[in-house]
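Enquirer: In case you want the letters, here they are:
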Amino acid sequence: MVSKKKIQLGLLVVTGVLMVILLRLVQLQIIDGTMYRQQSENNRLRILSSPAPRGIIYDRNGVALVKNVPFYSVYIMHDPARRVDTAALSSLIGEDRQDIETRLNRKDNSPFVPIRLKQGLSFQEVARIEARRSDFPGLFIQTDVGRSYPFGKTGAHVIGYLGKMTPVQAGSPAFSDLPPETLVGQWGVEALYDKQLRGVAGGRVIEVDALGREHRLVRQEPSVRGKDVVLSIDIRMQQAVEEAFGDKAGALVALKVDTGEVLALESLPSFDPNQFTDGISSADWQKLVEDKRKPMMNRALQSQYPPGSTFKIVTAIAGLEEGVITPDTTVNCTGGISYGKWTFGCWKHEGHGNVDLHKAIRESCDVYFYEVGKRLGIDRIYKYAIALGLGKPTGLNLLKERAGLIPSTEWKRVKRGQDWYLGETFNSSIGQGYVAVTPIQLALMTATVANGGSVLEPTLIKDPKEVRTKSKIDIKSETLRLVKNGLSAVVNEEGGTAKVAESSIVKIGGKTGTAQVVGKTRGLLGERYMDHAWFVALAPVDKPEVALSVFVEHGGHGGSAAAPLAKKAIEAYFADRAALNKETKTGAALPGTKSPGTGRAE
Amino acid sequence: MIHIDRRLIRNFDWITLLVVLFLTIVGIMTIYSATRPAVGMGEQPDFYYKQLVWLGLSVIMLFAMTSFDYIWLYRLSYPMYAIGIMLLLIVLFMGKSTMGAQRWLNMGFFSFQPSEFFRILFIVAFSSYLSNLGSDSRGSIPARGLIVFCVVPLILLVKQPDLGTAILLLALFSTLFISQGISKKIIVVVAIIGLIALPFVGHIVWDGMKDYQKNRLIAFMDPEVDPSGIGYHISQSKITIGSGQFFGKGYLNGTQGPLRFLPEKHTDFIFAVFAEEWGFAGCLVLIGTYFILFLRGLDTAAKAKDQVGRLMAIGITAMFFIYFVVNIGMTLGIMPVVGIPLPFVSYGGTALLSNYIAAGILISIRTRRFELFY
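Heads up: the protein sequence lines correspond to chains V and P, in order. Converting from the first sequence to this note's numbering requires adding 18 to each position, the first position being numbered 1. Converting from the second sequence to this note's numbering requires adding 37 to each position, the first position being numbered 1.
Keep in mind that a hint or two might mislead.
What the hints assert, rightly or not - Mimicking BS3-like on lysine-lysine, the simulated pairs with C-alpha atoms at most 27 Å apart in a straight line are:
#1 P/222 - V/22
#2 V/488 - V/502
#3 P/221 - V/24
#4 P/340 - V/22
#5 V/561 - V/502
#6 P/340 - V/23
#7 V/517 - V/366
To be verified - Part of the chain P face toward chain V, derived, beta carbon under 7 Å:
#8 276
#9 339
#10 365
#11 369
#12 371
What the hints assert, rightly or not - Some residues of chain P that are not near chain V, with every Cβ distance over 10 Å (derived):
#13 51
#14 69
#15 96
#16 102
#17 116
#18 185
#19 192
#20 301
#21 406
#22 407
It is worth saying that the hints were derived from the structure and are not from the lab. Note that the structure is predicted; figures quoted are calculated from it, not measured. Even glycine gets a Cβ: it sits at the ideal position worked out from N, Cα and C.
Generate coordinates for the entire structure from the input sequences, incorporating the hints supplied.
Expert: Right, dumping it as structure tokens:
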């Protein structure tokens with residue numbers, strides 16, 4: 019029989035079990051309710067960042083140096099609780115399985131921020147993935163914006179490139195608000211003005227189902243386009259330089275003498291920034307880094323060599339300003355001078371005969387400048403070299419510059435613990451020995467001479483709001499006139515060492531230089547032991563606008579190797595005006611002329 | 038045979054009827070919400086409408102069951118049980134020769150699952166058998182009864198495989214046996230044999246289980262190790278319920294179902310959808326309603342005029358209770374996943390119909406509590 023007792027037992031069991039269920043509900047809905055509410059929000063919401071279109075970089079004439087190009091990427095919304103068939107996924111998108119698993123299992127993955135599996139998909143890949151998308155819940159394709167560099171290697175050291183954030187960058191506050199897969203500037207102007215170019219990424223919050231299908235736009239924040247940057251460089255000048263260099267390694271820096279704007283900054287050999295935008299392969303990166311010709315080194319800022327005879331400009335100005343010489347002071351060059359048991363030769367072994375300042379600059383007589391150096395002493399040469407902007411970084415903030423070196427008696431005592439010898443003064447006064455400069459320093463020195471003594475801080479931005487004058491040196495106008503005349507003679511007079519640089523478009527002044535390579539004196543031959551060629555120039559010489567320096571690694575003599583490159587660069591810069599002059603004469607319209615601002619529309 | 042007299046109407050068990058109707062209406066509302074498509078994703082499927090049609094049929098069956106004396110059930114119980122066993126056999130062999138249950142589902146609007154009705158036939162027949170034994174049983178049953186009411190149906194159901202119904206059957210067998218009166222000796226012997234045999238039985242059972250059944254068990258024991266994504270279902274179910282918080286997201290405002298995060302949302306996991314939209318407050322009402330159903334069932338058993346009525350009332354109440362606990366325990370993540378619907382609420386026509394028949398029997402027993410046995 020069914021007793022009352024058993025019914026009561028049943029009642030007890032029912033009540034007890036219902037209590038357990040209620041307690042469990044209290045735990046899920048009340049104690050942990052907030053957490054589960056959050057998880058259900060995460061479940062249904064997907065946050066997609068819409069990257070801001072990056073600002074465009076223009077050259078000074080309004081030519082776009084970069085383009086924003088869309089590319090396709092495949093992403094997955096990954097719920098760690100759900101198993102993904104990585105083998106099938108791997109064969110679908112053609113990425114390594116191990117690699118996919120690493121990405122999916124990263125600790126910092128957020129359940130509602132998609133993970134990028136592969137970028138730069140072809141149309142065929144997009145079609146294939148779309149067709150099989152339903153097999154992989156959460157898989158979807160999105161358009162990202164990449165960067166292309168239509169000028170390739172030209173100006174690459176200035177323009178730079180984009181790349182994925184490095185782990186260090188990802189952890190730094192400057193990049194903290196960026197979506198994880200954002201490409202950021204890693205080199206050149208792209209890196210320097212990254213924040214300005216970057217803009218503000220927008221976002222879309224989308225309601226999705228468990229299969230990752232989008233149902234509703236919940237919230238949208240538009241992205242703010244990055245600001246454009248108009249550079250001071252002239253891409254045509256850069257192209258002319260690159261073409262003129264051919265296979266040679268070296269650098270060219272051209273400055274606008276009144277503002278410090280960098281008109282051209284080329285370092286060769288260069289690299290193709292387009293390699294980096296899709297994520298450079300480690301093999302390609304290794305190749306670039308290990309290349310013996312060092313394409314990743316910016317020679318304009320990071321290679322330092324003795325300036326050779328270009329330094330005679332400094333010696334000449336120091337001599338005139340200190341009154342140790344006058345324009346009429348003559349020195350008899352017999353091909354060299356003796357000092358103690360050493361002989362200091364002139365490059366012209368048969369000698370220049372009687373030489374005054376003008377001829378000494380024009381024909382680059384070493385003996386004349388030995389004499390000037392001897393009269394000045396190293397410390398006065400040091401004073402003028404420093405005042406003209408040598409021996410310290412110029413302050414162009416593109417990347418870490420080398421400082422170069424201007425020796426002095428104090429420097430030698432402190433650094434070497436030795437006394438200064440007169441023979442070293444001889445070497446220094448013609449830019450050999452300890453003296454070392456970077457191409458940009460020589461360009462800045464030339465610009466300082468050209469503008470009458472203002473050492474400006476170089477800038478890559480066109481029409482800078484303020485021209486930053488780092489220091490000023492008072493040079494008598496007569497001194498400047500004499501030196502410029504000398505520089506003009508180098509190019510334009512018979513016997514000048516850079517007669518090859520004479521131009522029909524604009525009157526150029528300049529000075530050649532040759533940095534001796536140690537091996538050569540030991541009689542070694544071959545390109546590796548050829549001297550480095552220098553040339554500094556200003557144009558137009560009467561009212562200078564552009565100052566530049568050219569450095570050709572193992573180029574040989576400055577007059578033959580470097581001067582023609584300077585001429586081509588300067589002519590490229592003045593080409594418009596030359597054509598314009600012609601136009602005013604002929605009245606013909608000029609095709610292909612760009613005024614600043616054209617070509618800026620996307 | 039059919040009496041419709043005033044006493045019957047006066048004594049009619051309106052409370053049980055209202056309780057099951059309330060649960061079914063809640064169920065249909067929740068089915069509607071659970072299957073509603075996400076914004077812009079097609080039209081409302083007609084699950085809720087089908088369930089409404091089934092409800093109509095079920096209510097008719099309920100009244101039919103209450104309209105005649107359950108003594109007829111007692112009298113016809115053995116032949117009906119025999120038919121039930123036959124049906125299970127047919128499912129077993131037909132299923133094998135015709136690519137399983139797929140054929141049954143494709144037979145149109147009416148999808149017939151014999152095991153849904155078999156559980157009622159079992160309760161009726163076993164109750165009749167036990168009451169026939171009367172006090173002669175002295176706490177045990179003959180081996181014949183054990184084979185007919187335990188061994189044979191269990192084998193058929195495990196073979197099918199319908200683990201859910203098999204477990205229910207075992208539980209009902211024990212419940213009814215205990216209710217009838219079981220000697221302490223048997224309890225002790227079964228306990229000792231059980232303890233000794235457990236490792237062997239466990240091994241045999243484990244080997245006999247299908248892979249998906251093993252996976253469910255593994256996922257329940259350790260959701261981290263999840264060979265098939267069952268752990269995903271459980272965790273989504275917990276998220277769905279928990280996210281309802283105290284007051285719920287509001288009717289038709291749940292997101293887990295329409296966005297397909299929750300599997301089996303309108304069948305096995307319907308409680309989760311309800312809890313998401315109505316919150317803890319709604320769950321209190323729903324569980325309270327079930328509590329009334331169980332209390333009423335036990336009270337009916339206590340007040341039944343005869344032993345067979347008492348046993349049937351206990352069996353039916355126990356069946357509702359076991360389904361309720363296993364289903365809600367599963368959605369709450371405190372019991373393994375067994376594909377058992379929530380009685381009266383989950384979508385499923387055959388189950389609804391058989392539950393209404395069971396409720397009809399319950400009401401019939403209560404309504405006739407004062408009648409004399411003849």
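Enquirer: Of all the hints given earlier, name the ones this structure violates by number, lowest first.
Expert: none
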